[in-house]
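Taken in order, these protein sequences are the chains called X and P. Start counting the first sequence at 1; every next residue gets the next number (the working numbering). Start counting the second sequence at 1001; every next residue gets the next number (the working numbering).
Quick caveat, the hints were computed from the structure, so don't treat them as lab data. Note that this is a predicted model, so its numbers are computed, not measured. We treat Cβ as the ideally placed atom computed from N, Cα and C, and that holds for glycine. Incorrect hints may have been included.
[To be verified] DEER-style ranges, computed between Cβ atoms:
no., chain 1, residue 1, chain 2, residue 2, range
1, P, 1103, X, 336, 15 to 25 Å
2, P, 1075, X, 183, 43 to 53 Å
3, P, 1067, X, 178, 34 to 44 Å
4, P, 1103, X, 185, 33 to 43 Å
5, X, 348, P, 1297, 57 to 67 Å
6, P, 1075, X, 274, 52 to 62 Å
7, X, 274, P, 1065, 20 to 30 Å
[What the hints assert, rightly or not] Pulled a few chain P residues facing chain X out of the computed Cβ check, cut under 8 Å:
no., residue
8, 1044
9, 1129
10, 1132
11, 1219
12, 1221
13, 1266
14, 1296
Each chain, written out:
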Amino acid sequence: MSLGFDPARESPADAAPPRRPPPLIALTHVSRNFVQPRGLADRLAGLFSGAPAELRVRAVADVSFHVEEGEVVGLVGESGCGKSTLGRIVAGLLPPSAGRVFFRGEDVSALRESRRREVALAVQMIFQDPAASLNPRMRVSEIIGEAPRVHGLVPRSEIPAYVDEMLRRVGLDPAMKRRYPHQFSGGQRQRIGIARALAVRPQFLVCDEAVASLDVSIQAQILNLFMRLREELKLTYLFISHDLGVVEHLSDRVLVMYLGRIVEEARTEELFARPNHPYTQALLKEVPRIEAGRRLYRGIGGEIPSPLNPPSGCHFHPRCPWAMPVCRVEAPPLIEIAPGHRSACHLNTTPATV
Amino acid sequence: MADAPTLRVENLKTYFFTRAGVVKAVDDVSFTVERGRILGLVGESGSGKTVTGFSILGLVDPPGRIVGGRILFKGVDLLGLPPEAMRSYRGARIAMIFQDPMMTLNPVLRIETQMIEAVLAHEAVDRETARQRARDALGQVGIPSPDERLRAYPHQFSGGMRQRVAIAIALINRPDLIIADEPTTALDVTIQGQILYEVQKLCRERDTALIWITHDLAVVAGLADTVCVMYAGKIVERGPVDAVLTRPLHPYTIGLIGSVPSRNRRGKPLQQIPGMAPSLIDLGPGCAFRNRCPRADAACGGEIAPIAPEEGREVRCIHTTPADAA
């Protein structure tokens, strides 16, 4: 069996010591809710109608997965599916509402302060919009040099040389380090964001739609940079994207999310060759591809439901061509259907009766 | 004028006269769209594809100005029309769909009000007929229960639904030409599939000509009949979609197709175009791509005229085969 460590079943607290080193990152039963209190008018109306006093969105619902050292895991899903929230939880920017996050087998929430800080530096995030994630009033040298200086990673006197090295590593000319972010193009800004993340010597990068806003030719440059850095620095990635082509190219393994849940997980070749979940199948069919030539589009029927009020049972059932009565009532569990291939669909457990 | 193509753009030049210099956003662009046909206008940001669309509709604002060329809509030169006459075309016979539907929709008016207004602006019909037409248009773009939805405000729709409403408004006066500027870029793949489906159906059923402006070659591959690839204000390659995408001739088109992830072996480095697009300010003569081009030589600094290497194709390059490279 190639799956190895399965944090869902084998959490470090209660299981026998794992045979192999623990995965770099593991999440067990992680959920995240966002609660918005209602305004005065809604609350008054609620007094009479009995509506709840707050709006609750379950952005991430009971998600378990792990990322092995050196692996690139892709996370795909459409807007509002919770993929960015999940990325922020992994990067330690958001605490989960429930469940636990492990870094090399250690529960992140139970760490001592000094170790917690080390872990926080080891996991860095690259954001979608490089313009919004760089301080416009700081020079590039300061943006990249600040964190290693503050955390004492590099002696103060060596910071300038260190910044130059980081810039060279991401393919920028160190002569540009006196400039401000607005003096760079989108692709260059994304390189600055990457250099900033690399400056604290991370082991794990969470890339949230890191190439989505870039032109195709620039996107290829940045993707190549990610792959080169992976080799050079032995980095591990969680690569979040709505672009299946990008994810297919880069990832070893892919997670598919729909409305807060992981609905399918498999190695990349397996997922693209034999998608199991009806949502994954539909998604793959809709991806426009250059090779396909002229064709008729179909589209998955229906809208993406509001996460405020997700459908009962399997969240995908209102759009699913094979929905059965049980899909309306019961959420299918994510079960292994082949080695290393997990899918959450009732069709897998229903005996074929045709 | 029955035989005139729906749209023929000849040597269009739209320049922006800025303090920093002249920006040739659209420079000597020519193409034709026949009835019921879909033209894909592909390019990266700043290549001039949106300004081309705006020029056709007469929406270029100062400091921009159309300084040359002709835009023939069913044989009539739109550039020679007085503003009032142009207004009678815009929204009625030529419609535009924008990337962000909220650019089209007024957030404080009901969908109904906005759609009826679009009809009454161009035709003397009574309100009930106009409302009827609005309802039909919503139905055509696949919006369920159009009667109820007419009474809704834009914020009550999802992104995909809003884009459908914007498309419905574009359709409502049965235009002969629709210019769609990145209409599905902000949408999810599954919703994009739905919109592409509606658009294809429309062009087939109504013989509407369509210009689809996008940066996404893959969308064009499945949708368009003809494709024009723009770079730095010029069309560098033009031809039938299949031919251009399977046998690209211009080094830029080759690079662009090569940098699409699905075209590359998984995990292998992507082919990449080095460098970045040049600034368009005071761009000199010669091929604007030459600084990024593997085939460039001294001759590329001169004036490059488009050549027609085969029937129906045109390419603005003097080194269309690798052997040409010095």
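Hints, verified against the model:
1. P:1103 to X:336: 15 to 25 Å: Because 47 Å falls outside the window, the suggested range is violated.
2. P:1075 to X:183: 43 to 53 Å: holds, 48 Å
3. P:1067 to X:178: 34 to 44 Å: holds, 39 Å
4. P:1103 to X:185: 33 to 43 Å: Given about 25 Å between the Cβ atoms, the range is violated.
5. X:348 to P:1297: 57 to 67 Å: holds, 60 Å
6. P:1075 to X:274: 52 to 62 Å: holds, 55 Å
7. X:274 to P:1065: 20 to 30 Å: Hint violated: Cβ distance 57 Å, outside 20 to 30 Å.
8. 1044: With a closest approach of 4 Å, the residue 1044 of chain P hint holds.
9. 1129: Check failed: Cβ of residue 1129 of chain P comes no nearer than 30 Å to chain X, outside 8 Å.
10. 1132: violated, 26 Å
11. 1219: holds, 5 Å
12. 1221: holds, 5 Å
13. 1266: holds, 6 Å
14. 1296: violated, 16 Å
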